[in-house]
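Protein chains: 2
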Amino acid sequence: MKVISLETIIPNFLKQRAFLTPNRNALVFENKTWSFAQLFEKAKDYAQTISSLGIKQEDTVALLMKNRPSTVFIIHALQQLRVKAVFLNHRLTPSEMTFQLKDSQAKLLISDDDFKHILNEIHPLYDSLPLLTFKELESLPKKDIEVVKEYMLSDICSIMYTSGTTGNPKGVLQTFGNHWWSAVGSALNLGIRDDDAWLCTVPIFHISGLSILMRSVIYGIPVYLMEQFNETKVNTLLQTGDITIMSVVGAMLQRMVSSLNEQGYHSKFRCMLLGGGPAPRPLLEACAEKGIPVFQSYGMTETSSQIVTLAPEDSLKKLGSAGKPLFPSELKIMSEGKVNKPFEPGEIVVKGPNVTIGYLNRPEANQNSFCEGWLKTGDIGYVDEEGYLFVMDRRSDLIISGGENIYPAEIEEVLLAHPNVEEAGVTGIKDEVWGQVPIGFVVLNHSVSEEELISFCRKKLAKYKIPKKLYKVESLPRNASNKLLRRRLIEIIPKDMEI
Amino acid sequence: MKVISLETIIPNFLKQRAFLTPNRNALVFENKTWSFAQLFEKAKDYAQTISSLGIKQEDTVALLMKNRPSTVFIIHALQQLRVKAVFLNHRLTPSEMTFQLKDSQAKLLISDDDFKHILNEIHPLYDSLPLLTFKELESLPKKDIEVVKEYMLSDICSIMYTSGTTGNPKGVLQTFGNHWWSAVGSALNLGIRDDDAWLCTVPIFHISGLSILMRSVIYGIPVYLMEQFNETKVNTLLQTGDITIMSVVGAMLQRMVSSLNEQGYHSKFRCMLLGGGPAPRPLLEACAEKGIPVFQSYGMTETSSQIVTLAPEDSLKKLGSAGKPLFPSELKIMSEGKVNKPFEPGEIVVKGPNVTIGYLNRPEANQNSFCEGWLKTGDIGYVDEEGYLFVMDRRSDLIISGGENIYPAEIEEVLLAHPNVEEAGVTGIKDEVWGQVPIGFVVLNHSVSEEELISFCRKKLAKYKIPKKLYKVESLPRNASNKLLRRRLIEIIPKDMEI
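Heads up: the protein sequence lines correspond to chains A and B, in order. So the first sequence is numbered by UniProt numbering: it starts at 1 and just counts up by one. So the second sequence is numbered by UniProt numbering: it starts at 1 and just counts up by one.
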C-alpha cells in the first residue's frame with residue numbers, strides 16, 4: 001500500500017476558483033464589480049509588488065485597512081505568496097498596534113492611504129519596520145513571480161489578535177484548513193445556491209468579515225462589500241434581491257429592524273447570520289414578526305467564525321438558542337473537569353477542524369486553553385435536552401452576587417423588552433455586602449423613569465438580579481464589530497446623569 | 001505553539017447527522033420513509049448484531065446485497081463500528097467473489113436473502129468463511145456496544161474491486177476522507193438546497209450508488225432508493241417534484257429520454273448527473289432540447305465518484321465536455337512523462353483528497369498508478385484552451401489501426417446520430433494488414449441496412465475509422481451500472497445475423 005499522507009493538500013483557493021468559474025462575480029463595491037478572473041489578476045499584480053520588497057513564503061505582513069476593494073486585493077495577494085496576514089484593528093492605539101506588530105514579527109505594515117497619520121505614530125515606536133500606504137505600495141516595481149499552486153491545510157493563512165480578561169492580546173493562528181472547514185461547515189448547514197451573494201459590512205479585520213471573503217472564493221459567490229455599516233443603505237440593498245445572506249451582530253440588527261419599512265426584505269434574502277454574543281429575545285421576536293430569517297450563531301476568532309448555528313428548521317422553535325455545532329464540529333459543557341447534564345450551565349468547550357491550532361508565542365495560554373483537541377472558550381452556556389446551545393455570557397462578564405451567578409445578558413434582555421429602551425448593557429460593581437451587584441446602562445428612545453424600569457425588571461427577574469442602579473446614556477461602548485464591551489461600561493458612568 | 005495534528009478528525013457521520021437534524025428524511029424506498037434518527041437506530045441495532053459475531057474495529061465484512069433498505073442499514077451499521085465494507089457485485093461468478101473475499105480478508109459475508117444459492121456455491125470454495133443471509137443475521141443476539149464517536153479521515157471505510165486490462169481485480173481503498181471530500185467537492189459545484197433529494201437507481205455496490213448514501217448523510221438530504229432502474233417508473237417520479245438530483249449513465253438516460261412524454265420533468269429537478277463514460281453528442285443534444293439539466297461528469301472507483309463535472313453555467317456551452325475538476329481536485333493530460341498542451345490527447349492524470357490512498361495488497365499497481373499524489377487513470381482525453389476536459393476513451397478500449405489511434409466512442413457517437421440506431425458499441429478486431437480494425441454493434445429501433453449506416457459514417461469519419469463490419473444485436477453487454485463493456489462485444493458476434 002502506498003504511504004498515506006496525513007496532510008491534505010488542495011489547490012490555491014483563488015487560483016482554482018478563477019480557473020473553474022472565471023466569469024462569476026467575486027466582489028461588488030459601490031458601483032464596481034470584479035469577476036473571479038479579475039480578482040485573481042489583481043491579487044497576482046499586488047503579489048508581484050509585495051515580492052519586490054523581498055517578502056516571501058512563510059513571512060508575515062500586517063494590514064491596517066478598511067473594508068475596501070484594495071484590502072481584498074492585498075489579502076488575496078498575500079495568499080498567492082503564502083504570506084501570513086496579521087489584521088490590525090484600526091481602533092487600537094499605536095502602542096497596542098506595535099505590540100501586535102512585534103509579537104507577530106511582521107516584516108511590513110500596509111495601511112490605507114488615510115491611515116498615514118497612524119503610520120507616523122507607529123514609526124517612532126518601531127522604527128525598523130517598513131511602513132507603506134496602499135498608494136506607496138502601488139508605485140513600487142513588480143517582481144516576476146509564480147503564485148503558489150497548492151496549500152497544505154495546516155499552512156497558516158491569517159493571524160488575528162484577541163484579548164482575554166488579563167494580559168496582552170494573543171495572536172490566533174488561522175490555517176487555510178481552518179478557513180476551509182469553517183466555510184464547508186457553514187455550507188452544510190445553510191446550503192449553497194447559485195444565486196447566493198453575501199453582504200459584508202462587518203470589519204474584514206475581524207473573523208466575521210474575513211470569513212466572508214474566504215467563503216466567497218470557496219463557494220464561488222460574490223461579496224457585496226460596504227466600507228461602513230449603515231442601516232438605511234443596508235435595508236434598501238436587502239430589498240433589491242441582490243443579497244441572499246448577511247452577517248450581523250445584535251446592535252446592527254436592532255438598528256436595521258427599527259428603521260425597516262413595511263415592505264420587508266426581498267424573498268431571495270434567506271439568511272441573517274447573527275453572531276457576536278447572545279441576542280436579546282425581544283429582538284429575535286421582532287425579527288420573527290417581520291419575517292426576517294435570523295440564524296443565531298456562536299463563534300469566535302479561535303473557531304474561524306461560527307461553530308454553532310441554528311439550523312433552518314429550528315429558527316423559530318428554538319428562538320434564543322445558538323443552535324447545534326456545524327457538521328464537522330463538536331461541543332460540550334463542562335464544570336470542574338466534568339461534562340455537564342442538559343440545562344446545567346458551565347464552560348462551553350468546542351472541537352473541530354475549524355478551531356485554531358493555537359496562539360502565537362503563547363505556550364502557557366495554549367496549555368491552558370487546549371485539551372486533547374478541545375478548546376476551552378471561557379464562555380458560559382448550557383445545552384437543552386436535544387443538544388441546542390444557549391449561550392449565557394462571556395465568562396469574564398459573569399457577576400457573582402452573594403454566591404449567586406448573574407449573567408448580564410439575562411438582565412439586558414429584560415430591559416430591552418421595555419418599549420422605551422433601545423439598547424441596554426449590564427455589568428457588576430463591587431459591593432461590601434454582596435461582593436458584586438449589577439448595574440445597568442440604557443439608551444432610550446422615549447423618556448422613562450428609573451423607577452418604572454426597575455419595577456419592570458422586578459416582574460421578570462429574581463430579586464438579586466435587579467440592577468441596583470440604572471444610567472441613561474447616549475451610546476454604549478462597542479468594538480469595531482459592534483459587540484457590546486461590558487467591561488468598559490463602568491468607565492461611562494455619568495457623573496450626575498442618572499435617569 | 002500546540003503540536004499540530006496533521007490528521008483531521010470529524011464526528012461519526014451518521015451519528016452527527018442524526019443529532020443535528022434527526023427528523024429530516026434520510027431514506028425513501030417504495031412507500032416507506034426513515035428519518036435520520038430512525039436510520040441511526042437501525043444502524044445501531046445491526047451494529048449490535050454484527051458485534052455479537054466478534055466483528056470489531058478495523059475488521060472487514062463483505063456485502064452481497066441489492067439496492068434495498070437493509071443494505072443501507074448494514075452499511076451504516078459497519079460504519080458505526082468502523083468496520084470496513086467490501087462490496088461484491090452480484091453478477092460475478094462465485095469463484096470471482098471468492099477471490100475478493102480472500103484478498104480482502106473479509107471476516108464475514110452478509111447477503112440478501114435471495115442470494116442464499118450464491119452463498120451455497122461460495123461455501124465449498126471458502127469453507128472457513130462465515131456466511132449469513134440478512135434474515136439469519138437478524139435472528140442473532142445483540143451485543144451491547146458503543147458506536148464510534150469520531151473518524152479520522154484516513155480511516156478506511158469501504159473497499160471496491162475494479163478490473164484493469166489484465167490480472168486480478170484490485171481492491172480500491174476508500175477512506176472516510178475520500179467520501180467526505182468527494183461529497184464536499186460535489187456540493188461546491190452543484191450547490192446544496194434544503195429541498196434536495198437524490199434518486200439512487202445505480203447499484204450501491206458501485207461507487208456511483210455508495211457515494212449517494214454518503215452524500216445523503218453529509219448533506220442531510222434523503223436518498224430515494226430503487227431496487228432496479230426502470231425508465232417509466234423513474235420518469236414518473238421525476239415529474240412529481242420529489243427528486244432534485246439523479247445519477248445516471250448514458251444508457252439509462254437514453255432509455256429515459258426515449259420514453260419521456262411531452263410534459264418533461266418537474267421544475268424542481270435540477271441535476272441529471274451523467275457519469276460512466278463519454279456520452280454521445282446526440283443524446284446530450286436531445287436532453288438539451290427537452291430541457292433536461294444534464295451535468296456530464298468523469299470519475300471512477302479510485303476517485304470515489306465524480307472528480308470532473310461540468311458546472312451549471314457551462315452545460316450548454318461545452319456540450320460533450322466532462323467539465324473541470326471539482327474544487328479540491330486537479331487534473332492534467334500527460335504523454336510520455338510530459339504535460340500535454342490543450343487539444344493534445346493523452347492520459348488523464350488526477351489528484352485530490354477524494355482520490356484513493358491506493359489498492360489493497362498491490363504494491364506494484366500502486367507503484368505504477370501513483371506518482372507524487374497523482375493517479376494515472378489509464379483513460380484518454382484532452383483539455384481545451386480553457387481547461388475543460390473531453391474524455392475520449394478508456395485506454396484499454398483504444399483501437400490502433402495502421403498506427404492511427406481510434407477511439408470507439410467517436411464512432412459510436414456517429415452511429416447513434418442515425419435516427420434508426422438506439423444503442424451502439426464499437427471495438428477492435430485483429431487484422432493482418434492494419435493490426436486492428438474497428439467493428440460495430442447496433443441496437444435498432446427501425447430497420448436500416450448495413451450499407452446505409454456505413455455510408456452515413458463515411459460522411460462524418462475519416463476512412464480508417466469506418467467500421468469494417470456492423471452487427472445488428474438485441475442488446476449490448478453492460479455492467480451492473482449499465483456501462484458499456486466494449487471488451488465483451490467480441491463475444492456477441494452473431495453467427496449468421498449480419499445486418
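Please note that the accuracy of each hint is not assured.
You can't tell identical chains apart in this list, so a pair holds if it fits in one copy or across any two.
Below, simulated BS3-like cross-link-like pairs (lysine-lysine); rule was C-alpha separation at most 30 Å, straight line [claimed, not checked]: (1) Lys-332 with Lys-56; (2) Lys-268 with Lys-317; (3) Lys-56 with Lys-149; (4) Lys-338 with Lys-107; (5) Lys-290 with Lys-268; (6) Lys-472 with Lys-268.
Honestly, the hints are just simulated from the structure, not real lab data.
Given identical chains, is Lys-472 near Lys-268, meaning Cα to Cα at most 30 Å, within a copy, between copies, both, or neither? Answer is neither; intra-copy 39 Å and inter-copy 54 Å both fail.
When no copy is named, should Lys-338 and Lys-107 be tagged within, between, both, or neither for a Cα gap of at most 30 Å? neither (44 Å within a copy, 39 Å between copies)
When no copy is named, should Lys-268 and Lys-317 be tagged within, between, both, or neither for a Cα gap of at most 30 Å? The answer is both: 22 Å in one copy and 27 Å across copies each meet 30 Å.
At most 30 Å between alpha carbons: which applies to Lys-332 and Lys-56, within, between, both or neither? For Lys-332 and Lys-56, the Cα distance is within 30 Å only across copies (28 Å; inside one copy 40 Å).
Identical-chain pair category, Lys-56 with Lys-149, by Cα at 30 Å: For Lys-56 and Lys-149, the Cα distance is within 30 Å only inside one copy (15 Å; across copies 41 Å).
One pair to classify: Lys-290 and Lys-268, alpha carbons no more than 30 Å apart. Within, between, both, or neither? both (15 Å within a copy, 28 Å between copies)
The structure fails to meet hints 4, 6 from the earlier list, while all remaining hints are met.
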